[in-house]
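So the sequence lines, in the order shown, correspond to chains A and B. Mind the numbering: the first sequence is residues 39 to 305 in our numbering, read in order. Mind the numbering: the second sequence is residues 1313 to 1673 in our numbering, read in order.
If you are wondering where the hints come from, they were derived from the structure by calculation, not from laboratory data. Quick reminder that beta carbons are idealized off the backbone N, C-alpha and C, glycines included. A couple of the hints might just be wrong.
[Claimed, not checked] Per label pair, the in silico range of CB-to-CB distance: (1) 1379(B) to 124(A): 27 to 37 Å; (2) 191(A) to 1421(B): 20 to 30 Å; (3) 187(A) to 1527(B): 31 to 41 Å; (4) 275(A) to 1425(B): 23 to 33 Å; (5) 203(A) to 1372(B): 40 to 50 Å; (6) 213(A) to 1386(B): 52 to 62 Å.
[Unchecked claim] Covered stretches of chain B (in silico footprint by chain A; criterion: 3 or more residues with CB under 8 Å from a CB of chain A, positions within the stretch not fixed): (7) 1376 to 1390; (8) 1412 to 1421.
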Amino acid sequence: MLLRIIVWAILAFLLVPLLIIILFSFHASPALSFPFAGFSLRWYEELFGNAQLASAVIKSLTIALLTALVTLLLGATASLAWLRFGRAGRGMIEALTVTPIALPGLFVGVSLLVLFAQSGTQLSTATIVIAHVVIAIPILIVAMKARLALFDPSLEEAARDLGASQMQTFARVTLPLIAPTLIASAILAFAVSFDEFVVTSFVAGTETTLPMYIWSMMRRTVTPLVNAISTLALFFSIAILVASWLIGQARRRSAIAGRLEQLEPLP
Amino acid sequence: MTNPRTIIEIRDGKKVFGSFTALTDINLSIRQGEILTLLGPSGCGKTTLMRLIAGFETLTSGAISIDGSDCAGTPPERRPVNMVFQRYALFPHLDVFENVAFGLKVKGMPKAEVKERVSRMLQIVQLDNFANRYIDEISGGQSQRVALARALVNGPKVLLLDEPLAALDLKIRQHMLAEMKRIHTETGATFVYVTHDQDEAMILSDRVVLMEKGRIVQIDRPEDMYARPKSLFAAKFLGETNLFDATVSAVNGIGTTAVTPAGIRFIGAETADRQPSERITVSIRPESLSFQDGEAATQSAEGTVEDVVFIGSRSFYTVRLDDQSPVRIQVQRNGRLALPSIGDRTRVYWDSANVVMLPHS
């Protein structure tokens, strides 16, 4: 009983703020407090007429897309290395790539800023993408490795044995089998990039991404517009994560699913 | 032609992994069309030997030739052999048809011909109704047959099978053994079959290669290996047996006599290479011992019945001989014969033809 109360309390603590923001994004009055004065879509209408906001959204989407693509390329290469390496090699890849997760965003932001300044790199969309890739790569590798560990290397041997060259084996067996994992991981990178704020604020220069725009809006005054933007961003993020999960799961016949079944005792 | 053609020849093969010698002194000729079993306990090197033939490993020294040509440096995809993997390694993203068609497609065979050959092969393994199923939609026994078909459709000169039945349960295993023999007859391919299961080896093989600790210890027809093991390891690995330490007391034209420390006398029909006072181990199978003094059963020992295990058509008796060594006796059920009960004094008989004398371990 007590346990149940604690669980509900934690869920309430996590979810009530979200629900309040969603509720007030539909509030008919600009007041951000109760009593509730009725529903309206006025804040959403106002949003769609805001050119600055639109450009921030487009900027964020562009950066997220580029981050996902670069991360996918690097991640695919890393995952192939992962498949080839033994335990020691895998440990090394992990140590090198996953450590940045543990570094504070502040530290990553400052070091990147110093790096760009020292090398005379102009801060721009490109520097934001580079920063986001640095953040997304370890997350991508963590997401991939659990599934790649289940990739059955004898599938590649079987392909070679049946007459496929190394390139044919990659194109016909390895890639189709790891593709769902790679795509799901790339979507995750997209989501990470889309709402990244701390590191972005160091390396953005004059560029404005969506999270930065929201923050600058709130610095002036807390308007109900913020609630509407946040609500949209929330549902967009949820949609992306669900898509990523579905791609990972729905492919029942991916390497991983097949292997899992083989590992279970046969009937 | 009395001697069938040799399809694979391995000369002085040796394989070392780091500081571990996986295989040494491997000399083996595989004959065209035979089912040859590589038999041995896990870690004896049988799988490594198969992977060497497939091209997944390279010999540290020695040579392998397939169909007369040395295959050092030939990658797996260019060797005229195909392999059935232990867990089948079927492609989970392809259906049964595409799995079987894989080898033909990567070789660039025209579509119509691929379809024809795959269909014919699916008929042979009786899976023609499953062509569009995915791998996770078929049973273990069916997966096994897909794996066989996927390898055989390429018309390999040699089919390599790595413990193909290990993942199946007993009933399907027996069925698949019969299937395997039928498919072998139908395709006429040479089978090299790796297993640690002596029953599979006995049922399936034309010849058995028995391996221990990276060496080949005996190559023989299964019945010869069972009846005439050349080492203690072979006697113990294939089937059950009773072993006695003994010393050779006489060697003459009709056979060799050996006596245990307690005075039990064994006369073996073989005379080869035995010296008086040499220490040997005598092996007699449980089914070669009997409670009746048959026409040929010329030797015997006395003991007390300790245990009886009844399993349908046969019974297993444990008799403690007077020298305290227990022996296992297998008796066929036969209504006419009176059999002793637990605690009875009895005499155990055997025939010199069934006495196998082995080098002392």
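So, going through the hints one by one against the coordinates:
1. 1379(B) to 124(A): 27 to 37 Å: Holds - the Cβ-Cβ distance for residue 1379(B) and residue 124(A), about 34 Å, lies within 27 to 37 Å.
2. 191(A) to 1421(B): 20 to 30 Å: 27 Å, holds
3. 187(A) to 1527(B): 31 to 41 Å: For residue 1527(B) against residue 187(A), whose Cβ atoms are near 35 Å apart, the range 31 to 41 Å holds.
4. 275(A) to 1425(B): 23 to 33 Å: Given a distance of about 52 Å, which is not inside 23 to 33 Å, the answer is violated.
5. 203(A) to 1372(B): 40 to 50 Å: Given a distance of about 26 Å, which is not inside 40 to 50 Å, the answer is violated.
6. 213(A) to 1386(B): 52 to 62 Å: 26 Å, violated
7. 1376 to 1390: holds (count 4)
8. 1412 to 1421: holds (count 4)
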